[in-house]
Amino acid sequence: SEFMSALSVANIDALTASMSQASKNFQDRIKELQLEVSRLEYAAAKLERQYENVDPTNRLIASTLEERWETALQDLANAKIDLVHASEATPESKLSLSDRRVLVDAGKTMPEIWDRSTLDSRKRLLRTLIVQVNLLRKPEGLVCIRIVWKGGLVTEVDTTIPIHSPDYDD
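Just so we're aligned: the sequence shown equals residues 175 to 344 in this note's numbering.
Fair warning: there could be bad hints in the mix.
Said to hold, decoys possible - Mimicking DSS-like on lysine-lysine, the simulated pairs with C-alpha atoms at most 25 Å apart in a straight line are:
(1) Lys220 - Lys254
(2) Lys324 - Lys297
(3) Lys254 - Lys198
(4) Lys324 - Lys198
(5) Lys205 - Lys254
(6) Lys205 - Lys220
What the hints assert, rightly or not - For each label pair, taking beta carbons as the anchor points, the in silico distance ranges come out as:
(7) Asp332 - Ala251: 45 to 53 Å
(8) Asp332 - Ile255: 42 to 50 Å
(9) Val322 - Asn232: 55 to 63 Å
(10) Tyr216 - Ile287: 53 to 61 Å
(11) Ile204 - Asp294: 36 to 44 Å
(12) Asp289 - Glu262: 36 to 44 Å
Calculated from the structure, these hints are not laboratory results.
Computed from a prediction, not measured in an experiment: that's the story for all the values here.
Note that the Cβ used here is the ideal one computed from N, Cα and C, for glycine as well.
Sequences are here, hints too, so could you generate the full structure?
Given below as structure tokens:
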């Protein structure tokens, strides 16, 4: 029943909003990593200038500056790798109008399709839409079921289980 509710128009709107927020978060993360690369480039260039300007006869200072410069270059290389990896990851795209219509139509016909589906088909379909399910046992045989759907929508349902159940230990 929660699956059918998740396919409602309101939940599709929530999914669209969640996907838009994910896209914004993705862009913010890329910008943050680009700023970090710029900062590290500046720091490495500054350390390079300091190293080149040190008196070669002062080996201790030159050695220390060289180590700091090498560390800065390694930090810069790692930041560039992080930026490339983050840029390659694609955020969830926005739902197009046609995709939204397909989902709304699927939501309307899903109860009929669900009733005719095999258990394996139902499981596969649920796995494509659910990120995780958490159970929290409460007193008196209550269980809170928390479903996290792809796109960030969360559903919480309280249900009862028989206290005499062998799976219920308090």
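Evaluated hints:
Distance restraint check for Lys220 and Lys254: the Cα-Cα separation of roughly 18 Å lies within the 25 Å cut-off, and the hinted pair is therefore satisfied. A distance of roughly 15 Å separates the Cα atoms of Lys324 and Lys297; the hinted pair therefore holds under the 25 Å criterion. Taking the CA atoms of Lys254 and Lys198, the gap is near 21 Å; set against the 25 Å cutoff, the hint holds. A distance of roughly 17 Å separates the Cα atoms of Lys324 and Lys198; the hinted pair therefore holds under the 25 Å criterion.
The straight-line distance between the Cα atoms of Lys205 and Lys254 is roughly 12 Å, inside the 25 Å bound, and the hint therefore holds. With a C-alpha separation of about 23 Å, the suggested pairing of Lys205 with Lys220 holds against the 25 Å cut-off. One distance hint, 45 to 53 Å for the beta-carbon pair Asp332 and Ala251, holds here, with the actual separation near 51 Å. Against the hinted window of 42 to 50 Å, the Cβ-Cβ separation of Asp332 and Ile255 comes to about 46 Å, which satisfies the hint.
Against the hinted window of 55 to 63 Å, the Cβ-Cβ separation of Val322 and Asn232 comes to about 59 Å, which satisfies the hint. For Tyr216 and Ile287, the Cβ-Cβ distance of about 58 Å falls inside the hinted range of 53 to 61 Å, so the restraint holds. Our hint of 36 to 44 Å for Ile204 and Asp294 holds, since their Cβ atoms are close to 40 Å apart. A C-beta distance of roughly 42 Å is found between Asp289 and Glu262, which places it inside the suggested range of 36 to 44 Å.
Of the numbered hints given earlier, the model fails none.
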